[in-house]
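Next come the chains, spelled out residue by residue.
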Amino acid sequence: MSGELLGALEDYRARARSWLEQHAAPFGGEARRNLDEAQDLELGRRWMALKYEHGYSGISLPKHLGGVGLSQLHQAIFHQEEMAFNVPTIYFSISLGQPIPIMMHYAPEEVSKKFIIPALRGEQIWAQLFSEPAAGSDLAGVRTKAVRHGDDWILSGQKLWTSWAHHADYGVIVARHDPSVPKHKGLTYFWLDMRAPGVKVRPVRLADGTRDVNEVFLDNVRIPDSQRLGKVGDGFAVAMHTMVIERYSAGADETGYGPLLDQFIALARGARLAGQSSLTDGRVRESIADAYRLQQALVTMRSKAFLALANGDEPGAEGSIHKLVSARARQELSELALDLEGPVAHYDANAKPKENWVASWLAAPTGRIAGGTDEILLNIIAEKILGLPQDHRPDKGVPFDLT
Amino acid sequence: MSILYTDEQKQIGESARRFFSDNYSGVVLKDLLEVPGRYDQGFWPACRDMGWTALAIPPDYGGLGLGLIEFAIVAEEAGRAVAGAPFLLTSYAAAQAILLAGEQSLCAEILPLLASGAKIGTLAFAEGTDPVPLQLTVTLAGERISGVKHAVLGGAHADIAVTLASRDGAPALVLVDLTDQAVRRDVLNTYDNSRGFANITFDHAPVRLLTTEDAIGIAWNVLNRVAVGLAAEQVGGADACMEMARDYATTRYAFGQPIGKFQAIKHRIAEMYVANQIAKANCLEAAIGFTHGSPRADPLAAAARISAIRAYDFATREGIQTFGGIGATWESDMHLHLRRARSSAAVLGSRFLWEDRLVAALEAQA
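In the order they appear, the protein sequences are chains R and S. The first sequence begins at 98 in this note's numbering and counts up by one. The second sequence begins at 266 in this note's numbering and counts up by one.
Just so you know, these hints were derived from the structure itself, not from any lab. Glycine included, every Cβ here is placed at the ideal spot set by N, Cα and C. Misleading hints may appear alongside valid ones.
[Said to hold, decoys possible] Derived PhoX-like pairs (lysine-lysine); straight-line CA-CA distance at most 25 Å:
(1) S:295 / R:481
(2) R:242 / R:282
(3) R:481 / R:493
(4) R:282 / R:449
(5) R:242 / R:328
(6) R:493 / S:526
(7) R:210 / R:328
(8) R:282 / R:328
(9) R:493 / R:328
(10) S:275 / R:401
(11) R:210 / R:242
(12) R:282 / S:526
(13) R:282 / R:493
(14) S:384 / R:481
(15) R:242 / R:160
[To be verified] Some chain R residues flagged as far from chain S (calculated, every beta-carbon gap over 12 Å):
(16) 159
(17) 180
(18) 206
(19) 230
(20) 266
(21) 298
(22) 333
(23) 394
(24) 448
(25) 484
(26) 494
(27) 498
Just chain R, with the same shape it has in the complex (with noise of 0.2 Å):
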């Protein structure tokens, strides 16, 4: 990176950085207190809304397509500086993340051009129909139905764990048209209306409380052809597409979407500990050195990613990184804040796991989980990057409906 371009990174850091100042605190914080989630939402949509009206959402899009047309980088930058500012922007992350770049890639631009817009002013929001309850870390197991009718296909299934699916209008989609061919080769995506006949929503409520994720009914849902994204049967490859994606995001967190190290810090210098500050505690320093020095450099790789990209390299395997550390070591940290609070540690079941520690460490189980589990990664890693045999996979080449 030249100096010049670190130099207007740096520039763009400090506009976006007074721009949030100026106008974050209204919809963050102290603001969403007390908020249910109706009402965080709704100020959610309104902070989307005042960000596009800024050019603050989807800053690296292209601008034909209603984005702002900076960098990856850019992205990024606005992103770690929106942290600290607590904003309900939860609600977008997978929408934003995932189904809107993926129709970018995959449907005729007259189509993705009607959505990305209310999506970046949070006026609609999209899912990300993917695991069911006997496919999750083995996605291309899925069993949800694709059957062609004429110009139509009907789908009928179960999805789960589908974040947000509550609040959502629009979907992405994979399900099996094919189940005589082997279980990756059957699989076609779609995107559907969320609200079309047939389909259910029911909250599953999580160990931590929430109730963001969903199982999803598709009882003989009408969606045209039109509506495929991909070729029939490149259904697996469009979802591992929406994997990387999702691994590479300007979003990703380097917390793991816990609180900041600062806000752990500042705990451990008020926790006491054998009489003293628990910052004084060799091993509290460990932890949080150990915390610095990760996210530091998933930062460092993240930026490094970002580059490669728009130096025109395709993104691989390496963003497995990302989750895998970043999931860990939040958990460990949040443990470790508990230890430190004592068993009064403050609770307040609404608080976001992004500002209280019982919050974070309660959710953190299923950030080693969702989008992957550490053994799905770990995986990807030995296979893809390091190029270690494959598992012994006894469902390898048979039919799908032969297993």
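On the provided structure of chain R, position chain S as indicated by the hints.
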């Protein structure tokens, strides 16, 4: 300054890797382990021929005017090869200390000798296990120092050293000629003998004063940079171990399949890769930090050192485990790395000290 290497930087790395793979083998290196005070005789002339001694020294003083980023690229390759002499790092360290603390005339006199490799330099700061002692026992009176410096890296062979001495209780950085008759070296027999550790005793040894102003601050500034250079060596070594383990796991069969098919093995190798990538990223960011004078350079250097220690320990420990019995033999190269991982972790102060320093830097910023 790029976070992605430029073509020139890539070329430096590639030519270094080629040199080491053409000229190095574990067989030679193992011989060096058994006798204290020996080092690889081919190493230093090669460093001079390749221009590595001149890399990070300004053109005004006979150098190439590159910096820590390029130095770290070469260090990584030296580490990958478990290079049989520490002089590249120690001479870099001495040159940085002289650059930061010395007057221009002294720089003009000494730095060209380090740039050409005519002289081998090192740092002699440590007393006991303290890399920068607060209570110095080596004293400076007039233009002469007396006392003992411990476990000086490359101390068995270096020609000159930058050292810390106390003048009436105030720390000073001085340059000392180690070949002077008032200097005695006691070469230490260690588990990693090609590092040339020696205790050095000064008995009214003549010195040139570098500075009395902020000597401790400059000493740490130098050590921070050296920590990044050493971390790059460690990362290179850790990568070599990971690659050896990976290659073995893809060819060694047990229970009817390559052992790399078992997740117990493949996940461990993937974890090595992850740890190495983390350390590599920390090294790069720290090197960029020093190049740009970033206020975060100090905690980033500590991060690089801690990550590199952890990565090399993990890669050697679990690398040997991947090989099984054959990895624990003298014949295997793994113990060269095992030894180097430990000696690198122990020199410059332990991980615990650097963790403390890192957090102290964060506290100071808060």
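Cross-check of the supplied hints:
| no. | hint | in the structure |
| --- | --- | --- |
| 1 | S:295 / R:481 | violated (35 Å) |
| 2 | R:242 / R:282 | holds (14 Å) |
| 3 | R:481 / R:493 | holds (18 Å) |
| 4 | R:282 / R:449 | violated (40 Å) |
| 5 | R:242 / R:328 | holds (16 Å) |
| 6 | R:493 / S:526 | holds (15 Å) |
| 7 | R:210 / R:328 | holds (21 Å) |
| 8 | R:282 / R:328 | holds (11 Å) |
| 9 | R:493 / R:328 | holds (22 Å) |
| 10 | S:275 / R:401 | holds (15 Å) |
| 11 | R:210 / R:242 | violated (29 Å) |
| 12 | R:282 / S:526 | holds (24 Å) |
| 13 | R:282 / R:493 | holds (11 Å) |
| 14 | S:384 / R:481 | violated (46 Å) |
| 15 | R:242 / R:160 | violated (37 Å) |
| 16 | 159 | holds (23 Å) |
| 17 | 180 | holds (17 Å) |
| 18 | 206 | holds (31 Å) |
| 19 | 230 | holds (24 Å) |
| 20 | 266 | holds (38 Å) |
| 21 | 298 | holds (35 Å) |
| 22 | 333 | holds (22 Å) |
| 23 | 394 | violated (4 Å) |
| 24 | 448 | holds (23 Å) |
| 25 | 484 | violated (7 Å) |
| 26 | 494 | holds (17 Å) |
| 27 | 498 | holds (27 Å) |
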